[in-house]
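K.L.:
Please take these sequences and the hints and turn them into a complete structure.
Read in the working numbering, the sequence shown has 510 at position 524, and its numbers run on one by one without any break.
In case anyone wonders, no lab produced these hints; they're calculated from the structure. For each residue, glycine too, the CB sits at the ideal point set by N, CA and C. Some clues are possibly wrong.
[What the hints assert, rightly or not] Distance ranges between label pairs, derived from CB positions: (1) Thr283 to Gly364: 28 to 36 Å; (2) Leu258 to Gln356: 19 to 27 Å; (3) Val324 to Gly422: 32 to 40 Å.
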Amino acid sequence: MSAPSRGTEPESERPPDPPVPPGPAARRTGPAVRRWFASLQTKLATVVVVVLAVGLAVTGSTAWAVLSRSLVGEVDAQLVKVVEPLAQVASHNLLGGLPLSRTETESLPSDYYVLFVSADASFKSQWSSTATGQPRSAPAIHPETLEQVLDRHGEPYTVTAVDGSSRWRVVALPLVGVQGSVAVALPMDALDAASAQLRTVLVVVGGLTALLGGYLGALAVRRSLRPLHEIERTAAAIASGQLDSRVTVTDEHTEVGHLATSLNAMLERLELAFAAREASEERMRRFVADASHELRTPLATVRGYAELYRMGAVTSPEELADTMRRVEESASRMGLLVEDLLVLARLDESASGPSSDEVDLLALAQDAAQDLVALDPGRDVRVLGLDGAELDGGELDGGELDGGQHTPVLVRGDARRLRQVLTNLVGNVAAHTPAGSPCEIAVGHAVVGKPAVGQPEPEAPPSPVVVLEVRDRGPGLAPEHVERIFERFFRSDASRGRGEGGGAGLGLAIVSSIVAAHGGRVDAGSREGGGSVFRVELPPA
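P.N.:
Put into structure tokens, the structure is as follows:
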């Protein structure tokens, strides 16, 4: 065997040809077709068409089979009705020695084929008549075929014509007392034509019905999925930053309507959460900026006096003592500011809430009053019970209290934090009202939400609360300052320096945070005749 030539390569070792890359048209149509078939609308429409087609096919096939069987049954009944009299007549004639003639078949309707055959096939007589008079190809009844028909014991049987152009239904019976048989056949042309026509009608009508059902199903699916497309557009709008976008609910009683309603509720919560986060971030930015600004002044003071001392500008003992005093004051202000910031941070981060001990708020009020008298002995400070109609139309109980025996006014919370609330409120009175001006601290029970006489019923049911009010006769609060009085680092007197007499603006913010942590609320306002009032409401014990 000769080796292959050097320039050729065996067929088995030849590498396969690289696949031909698809053309531009295939690359363009492939993904588009896949996307079209991946569409939910297309899938649902396809399912509708397939279900309709299968249902119509099963229904049509069943109807065609039932009708064909019914028509064949009618032909069989006619054959059985004819073959029995013919067998009896033929048997009688043959037993009497009479020859067979057409007289036995002249009474038959047209299109019948009659065959008389002896047992040894010594005689064979047949007659056939057609309604049109045209010759017809006879059924192919051979001896073996006739034996098969006879073996069926009078049950009709189907055979083909001699030339194979048509089908015949045949029934045969043996002659009585004579060796032979008689067979009667009817053509199935009309039956086959009706069956074919019915099959054509079913195919055409079924196909048109499936197409029409698919078209109507696609329209119904498109209409049903229209809210989903709107949900998709709304989601895209939200993703682009339009957080106020909402889904239009056309019918709340449908599944898509329930979905749209739930999505709108979720989007509402998301928008509120984003707004709260932005507001929190804005407050944090202001908080950091204000804290930096508040710390800058005492830090600059400490640094300035340190530089003076390093440069040798402070020489005498008196100057050194004054410098150290100012440094100490600045450090104290920084310490107080840092402590306030730490209090606010702990209140913001506290997830478990304050302790739930029983605290006598009236006793704390008496202690705060004594502290204020110690700060300003000339000030008229009184501790009272609530004395009548107050804020929100509450039903109040009152009476002046003194330092003797009293009925406790109990709330649940942290005694140390609630004492800080009173300390800050009383300190605010001492810092921002003239010396010697009167101050009242009122404590008692109230029913918040109970309407005044002649007023409509409130939406929320009335609820009992414990009320603490600190009233003074100072300059009062400007209307534009009332809403911001509890903000961090807010000071109503912006012209006042951070030094002498000027706080950092965190005292009332701490009051608001502590009250909120105890499940209460705090308000501020001006009094008639001058002065301000701070009202704290807490849940009773």
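K.L.:
Holds or violated: 32 to 40 Å for the Cβ distance of Val324 and Gly422?
P.N.:
Given a distance of about 33 Å, which is inside 32 to 40 Å, the answer is holds.
K.L.:
Lying within 28 to 36 Å: is that true of the beta-carbon distance Thr283 to Gly364?
P.N.:
holds, 32 Å
K.L.:
With 19 to 27 Å as the target window, see if Leu258 and Gln356 comply at their CB atoms.
P.N.:
Since Leu258 and Gln356 have Cβ atoms about 45 Å apart, the given range 19 to 27 Å is violated.
Violated hint: 2 only; the structure is consistent with all others.
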